[in-house]
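**Q** Whenever a hint applies, use it, and build me the whole structure from the sequences.
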Amino acid sequence: MKFRDEVAQLKRDRIVDTAADLFYEHGYANTTLDAVAEQMGFSKAFIYSNFSSKPELLVEICIRGVAHVHEAVEGALNLRLDTRTTLALVVERYVSSVLKYQKYIAVYTREEKSLPADEAIRANEKRRQFFSMIADFIERGRDEEAFKSDDPLLSALTLGGSVTWMAFWYREGGRLQPHEIASNITRSTMLMLGAADADR
7 MKFRDEVAQL KRDRIVDTAA DLFYEHGYAN TTLDAVAEQM GFSKAFIYSN FSSKPELLVE
67 ICIRGVAHVH EAVEGALNLR LDTRTTLALV VERYVSSVLK YQKYIAVYTR EEKSLPADEA
127 IRANEKRRQF FSMIADFIER GRDEEAFKSD DPLLSALTLG GSVTWMAFWY REGGRLQPHE
187 IASNITRSTM LMLGAADADR
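Counting from 7, one number per residue, gives the positions in the sequence shown under the numbering used here.
Be a bit skeptical, because a hint or two may be false.
To be verified - When the alpha-carbon atoms are kept at most 20 Å apart in a straight line, the in silico DMTMM-like pairs for lysine to aspartate or glutamate are as follows:
no. : residue 1 : residue 2
1   : LYS106    : GLU31
2   : LYS109    : GLU31
3   : LYS106    : ASP27
4   : LYS132    : GLU62
5   : LYS154    : ASP88
Claimed, not checked - Beta-carbon label-pair distances, calculated as ranges:
no. : residue 1 : residue 2 : range
6   : GLU186    : TYR54     : 40 to 46 Å
7   : ARG177    : ASP142    : 50 to 56 Å
8   : LEU16     : LEU159    : 38 to 44 Å
9   : LEU163    : GLY81     : 18 to 24 Å
10  : ASN130    : ALA14     : 29 to 35 Å
11  : PHE52     : HIS185    : 34 to 40 Å
Treat the hints as calculated values from the structure; they're not laboratory data. All values reported here derive from a predicted model rather than from experimental measurement. The C-beta atom is built at its ideal place from N, Cα and C for all residues, glycine as well.
**A** Put into structure tokens, the structure is as follows:
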């Protein structure tokens, strides 16, 4: 990437980060592009030189949040470790990614209704692919008799619900650290799936 392109990308990243902060704190409907520009110390023209509208900015936030989480989980699955080790790594990376991009995930979950129709369809398809990927892994674990699940997709959605909800209640410096949350959710998931060593 050329230096000019790197600078352009940094500008876009800063706009997206600032917008995510404001959408998270005040809501999408209550945040204007003027507010984003003011928070950054730039004019609204600077925003428009990178994003044509507020909906486009929301789309970018949602796409980035989903992509980061998807890549984290897919990377753990692609390591091809034993089933239980993979599950622990999937949960750890899932939790870590949601907490790292907490505001992105919260904005996506809360403001999905504000996405343009075509982008909402695209987001739903990405989400379907994500949970299908986890469900396929759970089904494989069931076939190996490492897990028990009458409905792997429902198990995947249950895991997803518990992890996604963290984007709304987690606070840095709070009672639980990310690794403690990951450990607890891993244990809960193992219990849910009837894993033989869930009591360890």
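**Q** When you check the alpha-carbon spacing of LYS106 and ASP27, does it fall within 20 Å?
**A** Between LYS106 and ASP27 the Cα gap is close to 13 Å, so the pair holds against 20 Å.
**Q** The hint says 38 to 44 Å between LEU16 and LEU159; measuring C-beta to C-beta, is that right?
**A** holds, 39 Å
**Q** Going straight from one Cα to the other, do LYS109 and GLU31 come out at no more than 20 Å?
**A** Satisfied, since the Cα-Cα distance of roughly 9 Å is no more than 20 Å.
**Q** Look at the Cβ atoms of GLU186 and TYR54 and judge whether their distance stays inside 40 to 46 Å.
**A** holds, 43 Å
**Q** For LYS132 and GLU62, compute the direct alpha-carbon distance and say whether it is at most 20 Å.
**A** holds, 18 Å
**Q** Is the gap between the beta carbons of LEU163 and GLY81 within 18 to 24 Å?
**A** holds, 21 Å
**Q** Given the hinted pair LYS154 and ASP88, is their Cα-Cα distance within 20 Å?
**A** The hint holds at about 16 Å.
**Q** For the range 50 to 56 Å, tell me whether the beta carbons of ARG177 and ASP142 fit it or not.
**A** About 34 Å separates the Cβ atoms of ARG177 and ASP142, which means 50 to 56 Å is violated.
**Q** Below or equal to 20 Å on CA atoms is what counts here, so check LYS106 against GLU31.
**A** It holds: about 16 Å lies between the C-alpha atoms, which stays within 20 Å.
**Q** Starting from the hint 34 to 40 Å, judge whether the C-beta atoms of PHE52 and HIS185 obey it.
**A** holds, 39 Å
**Q** Given the hint of 29 to 35 Å, check if ASN130 and ALA14 actually sit that far apart at their C-beta atoms.
**A** holds, 30 Å
In summary, the structure is inconsistent with hint 7 from the numbered list given earlier, while agreeing with all the others.
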